[in-house]
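Asker: Could you put together the complete structure from these sequences and hints?
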Amino acid sequence: MADSEPGGGGEEPTLIPFLEEEGNGAAAHSSDLKEHEEEYKLEEDLSDDGKMGNEVTSEGTGDKSEHSRDSLEHCLHNVTSSQALKSADRICLFALPSNLNELSSIAKEKKLVVQKIRDELTACQLRIKTLEKQLENVDIETEEEKEAGNVPAVFRLQAMHRRLCTELEDEKNLELKIALTLKENMLEMWQIETQQGKYEILHKQLKKDEEELEMQYQEQAEVRIRKEKIAALKAEENQLSLKKKEEEAQKEYEKRRKKMLEGAKRNHEKAVYFLRKSMARIHEKNAKEEAKTQEHMERRIQAVLSLKNSITSNREKLQALQTRNQAMVFEAKKQEMTMREAILAKGGNVAKEILLHKRLLQHEKEKEAFREQQKSRKIEIVSKILQEKASIFKQKNQQSCTKAIKSGGKCKDSLLQRKKTWRYIEKTCKRAAGAPQKSWCSPSVCSPAGERTASVGKCSEKVPHDVLCESDEDEKERDEIPAEPELPGLSSQECDLHNISKEEMDTKHLAPRTMKTEILEEKKEEFQTRIFNKGTLSGYEHQGRTFYTKPSCVHFKDFDVGKIYKKKIVLINASYSINYCKPVGISEWLKDFITIQFDPPGKMSAGMSCEVGVTFKPVINENLEGEVMFMAQTGSFSVPLKCTAKTCTLALDKVLVDFGTHVVGERISRAVILTNTGALGTRFKVQTSAGDSSRCGATAESSTTRTVTQPCSDFAPEKKDSDSSVTSALEKKEQICPDGSEEPTCCVAQVEQQRTETSSTEQLAQDVFSFSSDKDTGNAHHLTEHSPEETPMEIMLGKVTEGEIGPFSSVKLQIIFMPSIPGDVRAEFVIMFDNSDCKPLYFTAIGVSVDVPVWVPNPNIDLKICMYDRLYQDCIVIRSRAKTMLHLKFEVCKELSKHMKLLPKTGCIQPRSSFSVQLKFLPRRSLPEDAGSCFNEETSVLEAPVMVQIADNTKQINFTVHAIVTTSDLEISPAEINFGYCTIYEAVRTNVTLTNKSILPQEFGFVRLPEFVEIQPNDGLGVLLPLESLTLHIIFKANKAEEYSFELTCKSEVNRQFKLSCRAVGVHPPLELSHSLVQFAATALNDVSTATLYVMNSHVSANLFSHAVPRIGNGEVAPVGPTSFEFYVPEDCPVAIKPSVGTVLPGKKSLIQVSFRPTLSDQLIREEAAQRLCEAAATGAEIQKRKNSEKREGKKLSVSISRRQSSRQVVRTGSAKHLSSSCKSEQPESKEIKPDSEAYIAAQAFLTRNFRGRFEKYTIPCFVASGDIDEKRGLESLSFSPYNTLYLELHCPAVAPSVVVTSDNGKNTVDFGNVAVGQTILKQTTLQNISPEKLELRFSVLNPSGPFLLVRPVRMLEPGEIRTLVISFSPNEDKLFFEMLHIQTVKNNLPLRITGYGVMPSIICSVEEVLDMGYVLTREKATSTFKIQNTSTLTLQCSIHLETFSSTRDKDQQRVPSFLMSSLQGAEIVGTENYNGLSVFSVLPTEGEILAGESQDFTVTFSPEHEGLYYSECLKVVLFGKKTAHVIQLKGAARDHPMYVEGGIPLDVPVESLAVTSPLSSKKTRKEELQEPVKSILLLLEHVEGENALLPAVTELKVGAIQTAQFASKKNVEFSFDNLSHLQKKGFAIEPVKGKVDRGHVKRISVCWVPPADFDASAPLVETAFLNLKGDIKESYRILFVATVICSH
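In terms of the numbering used here, the sequence shown opens at residue 732 and continues consecutively.
The hints are simulated quantities; they were obtained by calculation from the structure and are not laboratory data.
Predicted, not measured: the structure shown is a model, and the values here were computed from it.
Each hint should be verified, as a subset may be incorrect.
Stated by the list, open to error - Okay, derived cross-link-like pairs now, DSBU-like style, lysine-lysine, Cα gap no bigger than 30 angstroms in a straight line: (1) LYS1782 to LYS1768; (2) LYS1348 to LYS1322; (3) LYS1115 to LYS1288; (4) LYS1373 to LYS1125; (5) LYS2374 to LYS2401; (6) LYS1127 to LYS1115; (7) LYS2365 to LYS2401; (8) LYS1322 to LYS1377.
Answerer: Here it is in structure tokens:
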């Protein structure tokens, strides 16, 4: 029964000790591990019993019964050995009913089997009887036939006889077998019934346990009910309290809601009131904006129309210019050719000469550019000199002003004198600034002298104020605007002088101010000579301003006299240190108007700020400039201050109004916008210009927003005519806006839009108008001298000729053109202003009038993009302004007559009506050749001129037809496709490129496709953009084995067809795959996904007419028979196919298993490992370098700061270079890294954790060949055709694992190594959840009979959690064990390989069985050493156990003594013991480890306390605390005296009493010693009677002397025999009779016996002699000689 259960022998060592310890009350000392193992194995036994099937066969039933009995016996043993059942035992008992029921069912089945066997036995016996009767009948019939002489019948009967005999023998053999089977089943049935009778105890115990459980359940239910009642009461109380709180909250909520509703009503009423007002304001604002937008759109429309008209009217002139440029280029080329010819004629180097000529020209250009640059630099230098002169003059003026105020009175005459002085200064300043400007003034850079204003500041002001950047660039404005006098414009404000009070002009108030000025100047000089502290931080000196101000310039714009203006300045400490500042003062001429409010903040840290208040109270309406001065710790600084009065700044949006070309009698209107960007309004008046010479300055002043100003010379009017067209195009970019918040009507957005519209025609307009200006140069003076009455009336002003223009507003001035006479018309206008500071503005209007009565409203017919061989039509409308009917003739140039037609060719147009002409355009392929210059082949643009001829009129009307002609071709590349050989189980794909050669998008589609062809994408339909190429996939799938040749047709949207020729050969392979595509599920790294498919051979007949047969195209049919296949898997492919080679018979199929195991590539891991090693080496080197650099820096403390910084840089660069070089040199190659190294394993774990997933496709070929591979194995290979190859496509997605192993560097292997048989080793493996989800783990079942056991599984893992898995290994055989534990999650599995090698431990001991310690004096010690050698391949844990310390010693002492037992029952293991309780024998060491192949010495110490001859002990060598590997019997004897006799058979009892007698006096002890009884020794001599009768019987005695230090001075031991004569007569011989024994030696005494002649062999001979010993005392031993004769037979 034990053999029938696998692993039964391995369970006994763990279960039996556990049960024994429980029975003895030592269950507390058992380990938790054993309890877990017992519970686990018990559960496995019970679960295995529950899973067994219900087979009816006798063998299966027997196995079940034995297994069930074993498990039930085990449970019964547990029940009987433990009174208090544990939880695991209770669970076991609860599982017993199912086992008992199974046992009863097995018994029933066994009975049925027995009954069935009995029936079979009965039937067999009946058949035997029948056969015997038949034999008797055959014998009788045979005799009868023999007598009758019927030989055939005899032969027949004999054959029947033989057959019946054979059947009879078979039946008898069957009867024996059935009888044997019946006995075995009967025996098993009796055993089962016996076991059922024994298990009544289990039933009773189970019933008791069930009753106890029921009672416990009832008690728990009562407790639960009580708790639930208490909880219900508490819940009711809580619910009531919650209801009360909810009611109170509801009341409060209602109150708040009422208040909120009332407030909402009131707020709604207010909101409605204010909303109505706001809506009214918004409506008004929207109406104004709509009006402005409408005006803006009208202006834009007018601008676009004028631009279009100008482009149309000047196209011919532009073409002339282009022709001129081409002629110039041609002339240059011609000159170059002539130069080449001249050089060649002289025999020179053409390339060299031309290169030198080009370089010379380039050098001339560079020299010219350098001259221009020098001129500009000179201009800048002169302007700076003028600024410096102006500033010096300003300072002198300030000083003279101060002296005048100091010495002047309060009368009006002094002020008048001051006014005259200022006027004189202004005039002199004008002359000083104007004289040098005439010598270097450039027409494109500087302004004329007439622009200078009365102040010195305006004399040097060259750069115009940019309106859009004025508010943002205060610093630039401060730098560009030079200093002005104290009170500029004072002379022109006579009315304000009366407003100055006497207190302000009193000298008493002015004198202290003058003194303060002098003190301020002294302080300035003192501060200039003083050395200030420089703001430094960490050795860096601050450069630049120490305080920054926001804003950088304080600007009071458009102020009103009498009002007060306030602004704040924020001062920010921009230095690197603590600083402070205080105001020093302001400019002297600003002190009457500016007040500073400043509260000194004290010391200011870097980055801190403070505020300064500036108050401006204007008294006079003049512009002021100055600065507020501050003093800081690091030096002085100032903040610029400007005060700007209201001005009137006027400008026109255009200075040239071009009406274009119009027919006589039309009325055309254009508008000019006058804009005031200043804050002061004025009146204006528009009139025709008289042409005076002073208009140059006015023109320049009116266009102050332009960057290029008009020059001042005698020919200014002519220049104005030529350049006004350019300025009109640029005027729109430079409109003046005084404030960013208030936009004028001509806004910046409009300027930006018009900038893009006019940029393309600026050059064209410049060329055209320069041409017209050159044409009218001769009449320039005459035009300027016209009087207003002589001005032509075709161009006139509109209704608005004068009026008021307010601040920040604009006025639209209408100009009307009514041509009456054909020709060019020009008119000039001037705008005069009441404000004397505003100079007149000039603008010009031009137009052209023609007298042709017929015109084309659309002179440019644009047909856009056209295709060849396609018809395009358009309708051309011709209008007439004549009062009579006109005859028209339409002509197309001869070159385009084949491609373009006008229908009708002639026609009549009614007076003042229109006429429609049909234009038909059909471009042919010959258009590029026929059109000539009208067609540009590079751009495919056609410009066809069309003429309209009027009868009786030499002038004709021209208009142009524009078109871009393109092709409609589609190109297919390649034009022919050969798919090659394609099996019917696969599809072949090839790519073609479809290109659209047209510049128009075209729709295409492949039509009438055969059923075996597919085109993707979009089924071969789509749209191609201009010149686009599209890749199409042509997929061919053969439906049968034949040769294919077909064409694919692609149609475009214009119904053009393009052909694509295709060829292919269809192949029907002999084999086929059940699935040609395998899509694996997402598989984690190191996990395995498996799929199954079949290779099928359906080729069973070669009949061509019944079904499709395998063949290649139209070739021969493949033979019917076994067909072999072979899958070829690439080396680096993570896919395995089993079997990869095989043979399939006709009509059969072969199962193929495909497994996908994603892994990291070895090269990737090696590269990562090498990189990690390099980084580690670099880090170590950098740390070492830092330590070395720190040591060096500590030694060089005396080095200067600059040198230290430079040395640090050198060290850093050097260390970086050395680090990079050392990293490169120390970086190991990836090939040198071993797979078992730590770097390799760490890199693999890192890459596994950071794996992002991948998707790979593999195509595995399967080669097919006719024939059986097994027959050809070892011989020549099978011939195969590559066209019959099958292909298996695999989609392999790999993902990161959800769970990884973190222990042992991420290895998925648990290697126990070498473990001794019977030993149990535990290993821990840590798992980590690296996924963001919570995981539930499941584990595959390990082999129940195997050595591996999952002790502590893990069920749940939180994200990022790490848990420990405990696995035990307990081998029971000497072999290698391997199992796979699959850790299963919802997404993927983690395979864990568990390996271990069971090794049978073996040792060799130097002492085999007995270790005799010899004789020792009492209370002395003797030692002996023995050696244990480990002959196994693993380290052994060895421990030494003595029987004295055995836990079963107490039981063994209660047994019957060994001398009362028979010799078969064994002897005592533990002999005489010490009285003091200490052990007689001791061993050192008691435990330790012995390495493989090494040995360990153990020392045994014998220390007896009293005399005894039977000291003994059992020493056990135990391995791993379980297995006893060797047993040694320890023996020893102790004497009080140093002499002993050894030999013979002892006659005393070897067991001593442990009772200790009371001590006696020494005298009594001596008397007892003298009266000590004589010891007896029995010598048995057996003489063998045989052939050699003379051979005596021999035995011996040993007399020894103990070596000891106690009796070192005593004599040696002497011995002698008494009564030897009698012994000699009896045949005994003793040698030697007497002698001496030295200390530590043994003397052997030989005793021989030869039976005398008169010896009676029937009875033994018994004789006695005494052996006397003399040492420290005398001892006598009685020797009993017993001699017998034994027969040898």
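Asker: Straight-line Cα separation of LYS2365 and LYS2401 no greater than 30 angstroms?
Answerer: 11 angstroms, holds
Asker: Is the Cα-Cα distance between LYS1348 and LYS1322 30 angstroms or less?
Answerer: Within the cut-off at roughly 10 angstroms; holds.
Asker: Given the proposed pairing of LYS1322 with LYS1377, does the C-alpha separation stay at or below 30 angstroms?
Answerer: 21 angstroms, holds
Asker: Under the criterion that the straight-line Cα-Cα distance not exceed 30 angstroms, is the pair LYS2374, LYS2401 satisfied?
Answerer: 14 angstroms, holds
Asker: Decide if the proposed pair is consistent with the structure: LYS1127 and LYS1115, CA atoms, cutoff 30 angstroms inclusive.
Answerer: 18 angstroms, holds
Asker: With a cut-off of 30 angstroms on the C-alpha distance, tell me whether LYS1115 and LYS1288 pass.
Answerer: 27 angstroms, holds
Asker: LYS1782 and LYS1768 were given as a pair; does the straight-line alpha-carbon distance stay at or below 30 angstroms?
Answerer: 23 angstroms, holds
Asker: LYS1373 and LYS1125 were given as a pair; does the straight-line alpha-carbon distance stay at or below 30 angstroms?
Answerer: 16 angstroms, holds
The structure shown violates none of the earlier numbered hints.
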